[in-house]
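**Q** Here are the chains, one letter per residue:
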Amino acid sequence: MNKIEVNNLTKIFGSHPKQGLKRLRNGEQKDDILNDTGMTVGVNQASFTVKAGETFVIMGLSGSGKSTLIRLVNRLIEPTDGEVLIDGEDITKMDKSTLIETRRKKLGMVFQKFGLLPHRTVLHNVAYGLEIQGVSKEEREEKAMQTIDDVGLKGYESSYPSQLSGGMQQRVGIARALTNDTDILLMDEAFSALDPIIRKEMQDELIKLQDRLGKTVLFITHDLDEALKLGDRIAIMKDGKIVQIGTPEQILENPANDYVSNFVKDVDRSKVLEAHHVMKKPEVLSTFKDGPRVAVRKMEEVGASSIFVVDKEKNFKGLLTIDDAIRAYKENIPMEDVLIVEDIYSTTTDTALNDLLGIAVDAKYPITVIEDGKLLGIISRVSILSGLVLGKEKDEVVSP
Amino acid sequence: MNYFHFPLEEWTNNFVNGWLLPEMSGFFDSISVALSSFIDGVTNLLIAIPAEIFAIILILLAWKLAGKGIALFTLVGCLYIGSVELWTETMQTVAIVIVSTIISVIIGVPVGIISAKNKVVDQIVRPVLDFMQTLPIFVYLIPAILLFGLGGVPAVIATFVFATPPAVRMTRLGINQVPEEVVEASRAFGSTPWQLLLKVQLPLAVPTIMAGVNQTIMLALSMAVVASMIGAPGLGSAVLAGISTVNVGLGLTAGLAIVVIAIILDRITQGLGQKF
Numbered sequence: 030m031n032k033i034e035v036n037n038l039t040k041i042f043g044s045h046p047k048q049g050l051k052r053l054r055n056g057e058q059k060d061d062i063l064n065d066t067g068m069t070v071g072v073n074q075a076s077f078t079v080k081a082g083e084t085f086v087i088m089g090l091s092g093s094g095k096s097t098l099i100r101l102v103n104r105l106i107e108p109t110d111g112e113v114l115i116d117g118e119d120i121t122k123m124d125k126s127t128l129i130e131t132r133r134k135k136l137g138m139v140f141q142k143f144g145l146l147p148h149r150t151v152l153h154n155v156a157y158g159l160e161i162q163g164v165s166k167e168e169r170e171e172k173a174m175q176t177i178d179d180v181g182l183k184g185y186e187s188s189y190p191s192q193l194s195g196g197m198q199q200r201v202g203i204a205r206a207l208t209n210d211t212d213i214l215l216m217d218e219a220f221s222a223l224d225p226i227i228r229k230e231m232q233d234e235l236i237k238l239q240d241r242l243g244k245t246v247l248f249i250t251h252d253l254d255e256a257l258k259l260g261d262r263i264a265i266m267k268d269g270k271i272v273q274i275g276t277p278e279q280i281l282e283n284p285a286n287d288y289v290s291n292f293v294k295d296v297d298r299s300k301v302l303e304a305h306h307v308m309k310k311p312e313v314l315s316t317f318k319d320g321p322r323v324a325v326r327k328m329e330e331v332g333a334s335s336i337f338v339v340d341k342e343k344n345f346k347g348l349l350t351i352d353d354a355i356r357a358y359k360e361n362i363p364m365e366d367v368l369i370v371e372d373i374y375s376t377t378t379d380t381a382l383n384d385l386l387g388i389a390v391d392a393k394y395p396i397t398v399i400e401d402g403k404l405l406g407i408i409s410r411v412s413i414l415s416g417l418v419l420g421k422e423k424d425e426v427v428s429p
Numbered sequence: 002m003n004y005f006h007f008p009l010e011e012w013t014n015n016f017v018n019g020w021l022l023p024e025m026s027g028f029f030d031s032i033s034v035a036l037s038s039f040i041d042g043v044t045n046l047l048i049a050i051p052a053e054i055f056a057i058i059l060i061l062l063a064w065k066l067a068g069k070g071i072a073l074f075t076l077v078g079c080l081y082i083g084s085v086e087l088w089t090e091t092m093q094t095v096a097i098v099i100v101s102t103i104i105s106v107i108i109g110v111p112v113g114i115i116s117a118k119n120k121v122v123d124q125i126v127r128p129v130l131d132f133m134q135t136l137p138i139f140v141y142l143i144p145a146i147l148l149f150g151l152g153g154v155p156a157v158i159a160t161f162v163f164a165t166p167p168a169v170r171m172t173r174l175g176i177n178q179v180p181e182e183v184v185e186a187s188r189a190f191g192s193t194p195w196q197l198l199l200k201v202q203l204p205l206a207v208p209t210i211m212a213g214v215n216q217t218i219m220l221a222l223s224m225a226v227v228a229s230m231i232g233a234p235g236l237g238s239a240v241l242a243g244i245s246t247v248n249v250g251l252g253l254t255a256g257l258a259i260v261v262i263a264i265i266l267d268r269i270t271q272g273l274g275q276k277f
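Chains as they are written, first to last, in my numbering: chain A, 30 to 429; chain B, 2 to 277.
Hints may contain errors.
For lysine-lysine, the following PhoX-like pairs were computed, each having C-alpha atoms within a straight-line distance of at most 20 angstroms [unchecked claim]:
| hint | chain 1 | residue 1 | chain 2 | residue 2 |
| --- | --- | --- | --- | --- |
| 1 | A | 341 | A | 403 |
| 2 | A | 237 | A | 267 |
| 3 | B | 118 | A | 166 |
| 4 | B | 118 | A | 125 |
Everything labelled a hint here was simulated from the structure, so no lab data went into it. Predicted model only: the values in this text are computed from it and were never measured.
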C-alpha cells in the first residue's frame, strides 16, 4: 500500500509562479526561467511513491530542491502544482483544520538543526506534539517518558536542549516525532549536523528502530553513503528534478545517466555491499549420520581439506578438517567431539562488508553467515575482495 | 522649487479648528476624563503608600531582579529623594510613566505581533513609527493641549506617542528572531497559529520584548519631564521652576532625582527581562 504518493509536485518561488509553471510544462529549463523571469524552480514535477514501512531516501546536493520537496509533503511550503496523497488523501487540497489534523496524526518530522524549543525541557519538548492536541498532562508526559527511554535519553528529561550535545539533541528531536505515534516520519537531513561517529551511531539506531516500529520514513540527505545505507529505495535529485529512483543496488549497478554515475563512482562499496551479496553456498554439508568416512570421501571429491557440518535441519554445527576426520575414524571418537567451533566467526546476512574486513584478515577459516542457527553461506577473504572490486558475486560454488 | 501651491498649513488649521475641535470635543473629553481618573488613581495610590514602605518594596525588587549593588543604590537614591523633599513630585512623575507605559505596551505589543506576522501591516506601521519618533515633540504637544486641556492627560498622550515605537519595533524583532527551524517544527507537529504564537514565538521573544519595554519606560520618563511644560505635575515642573527662576540649585536637585529614578527603573526592568 502506498503511504505517500507524490504526483507532478512542483514549487516555483517568485512573483508569478503560474507563468513559470507554463514554461516548465513547455519543457523550458530551470536556468532559463531564472534568467528570464527571476523565478526559482524549487521542485520540478517530482513524482514518487513510498510504500508502508519503507525507508525512502531522497538524495541530492545542496540546491537540488530536496529540502523544499520534503516541506511540500507536509505543506510547510505551499506547492505551486501537483498533488501529495497521504493515505490516499491529497494534502494540497486540505483546508486549514484538516491539514493541522493530518500533521498531528500522520506526519512526524525531524529537522537538520533539531528545531527544539529552547525554553522547554526535554520532557516538555517531547510532549509538545501531544500538548497542542489537548492530551492530558499525565498521559502526554507518560508517553513522552516512554519515547525518551526508547531513544536512550532516560535521566535527561528535565535538561534543557542547550545542555545536551548535538547527538543527544537530535535524539530529543526523534523522540518528539515518535511521541505523536504517526505512521510517517519525515527526516530532513536529520543526521547531517552531527559529527561522523555520532552520525553512524544514529544511522544504526534508526535502522534498529525501523526494524521494531516499521514506520514509513521519508529521509532527505546529501550523503550518498547514508542514502545507500538507510534507503530501501533512493531517489536522486538534481535541479529540482528526480533523475533516478531505485534500490541502492540498482543505483550502483545501473546509474540512469552521467550525473548519477559520477555520483556513485566514488562510493565505498564496502559500506553498501552486505554479507548476502558476496556469500557463497558452502559445497558439501555432511550430516552427523554420515560419519567421518563419508566426510573424508566428500572432501576428496571436491579437493578440499575441510568441510562445514550441519545437522538435518541445516543448523550449523562446526567445521571438520580432514585431519580431524581421519583421527576420529582411527580413534573411533564421535564426530561431534572433533568439530572446530570456537575459531569460526559468524555474521548475519545484512552485515556491511566494511564490518567484515577486519574479521576476514584475522580469521583462519571462512566467515559463516548464520541466521536462526542455520548456515546460509560462507564468506572467504577472496569473495570479500572480489566483491569490493567487482560488485556482486556470481553464484558460483566454492569449498573452504 | 516652488512649483505648485501646497496649503498644508491652511488645511490643517481648517481641519483642527473647523472640525476636530467643535465636532469631536465630546469624544476627546471622554478620553480626557477616563485618562485623568486613571492617572489620578495611580498618583493617589503611590502617594498614599508611606514613602518608607514604597522604598522597601523598591529595594527588595531591585535586590531580587538586579542584584545587591542596585539595591544599595536604590536605598541611597530613595533617601536622597526623601531628604530633598521631592517624594511627592517623584511619585507624580512615576505615575505618569506607569500610566503611559501601560498604554504603550497594551497597544504597542499587539501591533508589533501583527506587523511581525503581516507584511502589509508592517509596511504601514513602520513609517508611522518613524513619524512618531522623529516629529518634533512640540508639534503635537501643543495640539494635545487644545484637545485635552492642560495637565497630566496631554502629557500621557504625548508620552504615548513618543514612547510606543520601541515596544512595537522590539516586539516585531523578537518574534522575527525566533529561529525558522523552531517555527517550522512547531507547525510541522500541527500547531495552530495561536499555539505557535503563545507557546513558541512569544515565550522566545519575551527577552527582546522586555528590552523594548525598558526603552519605552526610559523614553516615557524623559518625556514626562518635558511634558511638565504643558502642566504635567512632578519632577519636571520642579526643574522648570528652577530654570525659570534661575535657581540652579533647585534645577540640579530635581534633575538628580530624575537620574536616580531613571537608573532604578532601567536596572529593575532590565533584570526582569533577563529572568525570562
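**Q** All hints are to be evaluated individually against the structure, with a verdict given for each.
**A** Hints, one by one, checked against the model:
1. For the given pair, residue 341/A sits about 10 angstroms from residue 403/A by alpha-carbon distance, which is consistent with the 20 angstroms threshold.
2. The hinted pair formed by residue 237/A and residue 267/A fails the criterion: a straight-line CA distance of about 30 angstroms is larger than 20 angstroms.
3. In summary, the hint linking residue 118/B to residue 166/A is not supported, as the alpha carbons are separated by about 30 angstroms, beyond the 20 angstroms threshold.
4. Taken as a hint, the residue 118/B and residue 125/A pair is honoured in the structure, with Cα atoms around 17 angstroms apart against an allowance of 20 angstroms.
When the structure is compared with the earlier hints, violations turn up for hints 2 and 3 and for no others.
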